[in-house]
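> First to last, the protein sequences are chains A and B.
Numbering-wise (my numbering), the first sequence opens with residue 1 and increments by one.
Numbering-wise (my numbering), the second sequence opens with residue 1001 and increments by one.
Just to be clear, a hint being listed does not mean it is correct.
Said to hold, decoys possible - Chain A regions said to be covered by chain B (calculated; three or more residues, Cβ under 8 Å): (1) 1-11; (2) 32-46; (3) 193-206; (4) 277-290; (5) 312-324.
I should point out that these hints are in silico values taken from the structure, not numbers from a laboratory.
Please read these numbers as outputs of a predicted model, since none were measured by experiment.
Note that beta-carbon positions come from the ideal geometry of N, C-alpha and C, so glycine has one too.
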Amino acid sequence: MDLRDGPEEGAFRATLRAWLEANVPAGLRGFRGWSSPAAVALGRDWSKRLAEAGYAGLTWPKEYGGAGRPWRYQAVYLEELARAEAPQHLGVIGLGMAGPTIIAHGRPDQKTRYLAKILSAEEIWCQGFSEPGSGSDLASVRTRVEPVGAGFVVNGQKVWSSYAHIADRCILLGRSTTASEKHEGLTYLIVDMKSPGVEVRPLRQITGEAEFNEIFFTDVAVPKENLLGDVGGGWRVAMTTLSHERGTFGFALAGALDVAVRKLVGLARERAGTDALVRDRVAREWIDLQALRYTNYRALARLERTGVPGPEGSVAKLRWSEANQRLTKLAIEIIGREAQVADGDGAPAYWRHQQLRSRGNTIEAGTSEILRNIIAERVLGLPRSR
Amino acid sequence: MDFSFSPEQDQLRAQARSFLEKSYPLARLAEIATSEDGWDRASWAELARLGWTGASIPEAQGGAGLSFVEEAIVFEELGRALYAGPFFSTVALALPALACAPDLLAKVASGAFTATLASGTAVQALGAGDRWRLRGETDLVADAGSVDAFVVQARGPDGIGLYLAERHGTRPQVCVLDTVDVSRRLGRVTFADDDARLLAAPPAAAKIIAATRRRALTALALEAVGVASQALALGVEHAKSREQFGRPIGAYQAVSHKLADTYVETELARSLAYWAAWCIAEDDGQAELAAVAAKAYAAEAAVAACERAIQVHGGMGFTWDHPLHRYYKRALWIESFDRSGAAHRADIAQVLLGG
Chain A
1 MDLRDGPEEG
11 AFRATLRAWL
21 EANVPAGLRG
31 FRGWSSPAAV
41 ALGRDWSKRL
51 AEAGYAGLTW
61 PKEYGGAGRP
71 WRYQAVYLEE
81 LARAEAPQHL
91 GVIGLGMAGP
101 TIIAHGRPDQ
111 KTRYLAKILS
121 AEEIWCQGFS
131 EPGSGSDLAS
141 VRTRVEPVGA
151 GFVVNGQKVW
161 SSYAHIADRC
171 ILLGRSTTAS
181 EKHEGLTYLI
191 VDMKSPGVEV
201 RPLRQITGEA
211 EFNEIFFTDV
221 AVPKENLLGD
231 VGGGWRVAMT
241 TLSHERGTFG
251 FALAGALDVA
261 VRKLVGLARE
271 RAGTDALVRD
281 RVAREWIDLQ
291 ALRYTNYRAL
301 ARLERTGVPG
311 PEGSVAKLRW
321 SEANQRLTKL
331 AIEIIGREAQ
341 VADGDGAPAY
351 WRHQQLRSRG
361 NTIEAGTSEI
371 LRNIIAERVL
381 GLPRSR
Chain B
1001 MDFSFSPEQD
1011 QLRAQARSFL
1021 EKSYPLARLA
1031 EIATSEDGWD
1041 RASWAELARL
1051 GWTGASIPEA
1061 QGGAGLSFVE
1071 EAIVFEELGR
1081 ALYAGPFFST
1091 VALALPALAC
1101 APDLLAKVAS
1111 GAFTATLASG
1121 TAVQALGAGD
1131 RWRLRGETDL
1141 VADAGSVDAF
1151 VVQARGPDGI
1161 GLYLAERHGT
1171 RPQVCVLDTV
1181 DVSRRLGRVT
1191 FADDDARLLA
1201 APPAAAKIIA
1211 ATRRRALTAL
1221 ALEAVGVASQ
1231 ALALGVEHAK
1241 SREQFGRPIG
1251 AYQAVSHKLA
1261 DTYVETELAR
1271 SLAYWAAWCI
1281 AEDDGQAELA
1291 AVAAKAYAAE
1301 AAVAACERAI
1311 QVHGGMGFTW
1321 DHPLHRYYKR
1331 ALWIESFDRS
1341 GAAHRADIAQ
1351 VLLGG
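One chain only, chain B, in its complex shape (with noise of 0.2 Å):
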């Protein structure tokens, strides 16, 4: 029994925070999110040097073989960092999908290609063998615009499965929406017989897709309690500086004792977010009930800690200038990503108590 992370994976860890503090600092927000493309494309080459795109895949595709656990540390520092581009869905989202074809795996390892997941019943895969086209669209599909490829779920003939759809000039037709958190902008993809390779046949694409939607719930996690510790951070320095009638704010309980319950809250989000990593590490037989209960408590924290920041800061805090309204629309994205937390504490009743 030891829940700490080895010396290797806290150096990861350490790695990931000063890199992303020099490149990606607070100040850089405003000015990423508002640029054309809503990220820095020049960053992923980077992310790819620094090992983290190939984490978890395997040394003969080029990655570095290691586990969820380590892919995990770096979510966790990419949410704190509010990181703007498609790297969740491409190592959440699309690659347990891309592990049925080596050939895109070792393009995902070397910084080459990124990809997000199309899911929705209404996307048709028409053809046989290995000549497939799509039709139909599907809506709020993460980094539609940033990315090389879609993993799609479709309909065939012999019910839902994987297939990949790459982008070449404007097919399939994208449109990126405007929504809250523009830090994760999210795209309508429209498939008019666009061609696509078929990755995983029904019925082992289910598998897939179970394990694809564990894989982001506990990602989201830990993005959330990345978040969360940001706005947690901002908000004691605000009340360790700010000073009214004579004394930081901080000084009055009514205000340190809100920090107090996000700090409570964050621990307690992420004790739930590493639990489940370690569940999808080892296949676990209770990852599937560790993901959602980490998801919905860790993004109800994150929502609750950004709040609580926005107050503590006073009318600062309501302002477009401070990068806290960032933070906290990047936590309702994460509460609303899948089911709200009231879906995911009904599934988890529905294993608790039955009916």
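Isolated chain A (complex conformation) (with noise of 0.2 Å):
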């Protein structure tokens, strides 16, 4: 047991820090979101000088373009990122969740045609999973994927998709047989957008930006070497996805609650210092923060002994959204009336925008009811409610 860095992630951790501190762009410092043009125009190139300085693909096997470390350093890099409040590579699905699963059940081909471009952020690629009638149940899905003539037919409406408004790519789950069990018929497939017949609408959201979006699929035609895994196979290769999503996903949930305690005690110290109920609230957030921090370098710990992501990442998602929820709450408590100006630079319009944002916390990516479902299910091994 040591919690301090080793000398090689300590150097590491020192040369990343002094990059970030050289090279994050003005306009995307302390980045609140891809929703605007201009945001989206400088994160192509952040996604490239990242790649160049060889922080894309920290993990990823050296053969595929990779810098091949171990999970720590990915667990540095997300500190740092959060630390230096930058944006992450505009390509996360690609490198986190795309790229994984070609790895694991791509053919050569495919792991030529795909995988150099994502680290490259020359194509941004989007998720294709749940749809407006299969949200938390995702093996219900409908999506239609039909065998014509050299490949498929796509058929079929997806939602909550980040990133598929500047998406050149989707990996898209959809249903190829309809008398099979509903894990059996699924299939996992990769969509050119630019296809005819693919429509994206982006959907507003409640803090009245949009970063996510509807896809409409009509007749879209897929050839058959975009098949990832097999026809039917679909559901294991969807397992690998979700479990990449989880690895050191709590190091960046933890990187930017870091960010946001420090902002909150900025903000009490201003507005609040002697108020003890604030105060005592402000203290418990501090130390829920370290209890993640804590719980993170504990998952990564045995990440890198047994190469499997454990049960902390539903621990650690699942107290990140409701802390976030209850510190931009707090935040806005301590400004009071004032909190109701949305606009303009200040600490009002900040916390007013995090507060609305954290709604989605405990929905996206694993709603708190699920996450609690897979704790007793999985790992207290209590039975199945449904």
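Combine both chains into one complex, guided by the hints.
Here it is, written out as structure tokens:
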């Protein structure tokens, strides 16, 4: 047990910290989301620079253009990025979900065709899993993937798809048969977002911005070389995608929470330094942040030893989302009436935006209810609730 | 960066758990708690033989020369078993002061000596040089009736020092109080010019007192994690086997989500407690803050874990015969130790916000 950086991690962290100070574009400091075209343009360039400096695909095998480093480097990378309030690589879906899935299940020609461009941010990916009728119950997706001639024809609708409005490719889970059991009729495809019949409609969210989208597929032709895994074997491939989502995800969350707690401490010092109730709640959030941080380190140690993310990933997501909701609400309370003002660059508008955005945290990437089910059933071994 | 236990440390935990499950199963809790001593005195030699009492004592004094991380493992497992002997008192509360006297360390390592801490400001140390007498009273002293000696925080001519008063017959006078957690009995100790030995004079004593507090808070955070884990295990077991409306009650989310919340809080408490333990072992600058945060969080998590487990057990959880109330009472005592969670958080706010 040693909670300090080893010499190599320490050197990596120091180099990265200095690099971030010199390289994060001014327009992306204090980053809040990819909803404006100007931010996306900066983001493409920023992602290219991250890749050129060797910070894209840190844990990917070297043979696929990655750095082949242990997971701890990805953890340091996420901590430092959050510390600098710099955005992640624009291609996070490609780097964290599509890429590892292609590495695990793809054919050599698919690896050659897709992986390098994910790293370099030349191609941005999005995820087509959720549907209007299939949220938490993912295996009930109804988008049709019909084998026709030398390929497939896709018809259906996907929803809550981040990055779809700027994406070049989509990992899509659809249904290729109707007769079989629900998990066995699924097929996993890579879809070119420029294909005829693909229509993306941004969804305006509670904050007024549009970070995610609906995607409509109408008779979209997909060549057979875009099949990942087997026809009817899509569920297993999708599970790889989702397990990678949880690997070091917690570090990005704790990093973001660290920034939020620092800002909250600053706000409380300025505006409510002597209020005993506020002081108690700020201390609670600080303790929760430390608990999350060290739970991540325990998860990391397990991941490095076993190669498989443990249940701590669900714990981190569940607690982070609830902490972020509490914390942003506390900030709004400290600010008081002024927090009704929605525009400007000051603290009121910042915290109002964060507070409204935080309502999505307990829903996106696994609702809190599903995460509690996962913990109850897979960790505690309680009987299934359905 | 490696937040995992070594294979040797994992082995120590496995050994501790299997020994405690065999010697102190849940079925024996009531019998031990109602015995006259309130603990199994024969167990102490066994704990010493296993190397637990001397885990962090240097090898020159007959210890194992290990660190607080190894002791942390033992504290957590003893909490899980609700062990009733003076291990917390001797190893967490008394050991830092006893380190001033190598002869005493050797006796702790060999299992020949137990002690606890009698703190407070009401005891006076009278005398000089190596002849001291103690006068005054301290209350709610952990394991007061079980130990061989008291490490006493007392006010001497130059300020607060640390003294050792050994028990001989009826002196100093100990009155074991009727307190809530009978698995860790508390007592009033009255010193009436009892002989004492100076362990640390001011200002050195202040450093030892601060280090002792950090150890004690962290040890109790670890105990609380053990308590919460056992409460969770009991709740899960019951939710799997108890059937109502034709299904195990654990299939209902109103029940399973409560237990999931206990799991989450227990894991977060565990992370904080291990962090604090590592800080103490390494004498890290954050040790104080980590110990306070871990104790504040873990104590509340353990109380909540027991309350949820009692609820999941229904009427059974409310009965005297079920072991849960014993865990609950330990958790409540831990919560009350030193300062409340709110007071600990006020200390943390002081660091964060000043004022």
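> Take the hints in turn and mark each one as holding or not.
Comparing the hints with the structure gives:
Check result for the segment 1-11 of chain A against chain B: holds, 7 residues qualifying (beta carbon to beta carbon below 8 Å, three or more required). Against chain B, the segment 32-46 of chain A contributes 0 residues with a C-beta closer than 8 Å to a partner C-beta. That does not satisfy the three-residue criterion, and the hint is violated. Counting residues of the segment 193-206 of chain A whose beta carbon lies closer than 8 Å to any beta carbon of chain B gives 0, which falls below the threshold of three, so the coverage claim is violated. Counting residues of the segment 277-290 of chain A whose C-beta sits closer than 8 Å to any C-beta of chain B gives 9, which meets the bar of three, so the coverage hint holds.
Residue count for the segment 312-324 of chain A with a Cβ under 8 Å from a Cβ of chain B: 4. That meets the three needed, and the coverage hint holds.
Hint compliance for this structure: hints 2, 3 are broken, all remaining hints hold.
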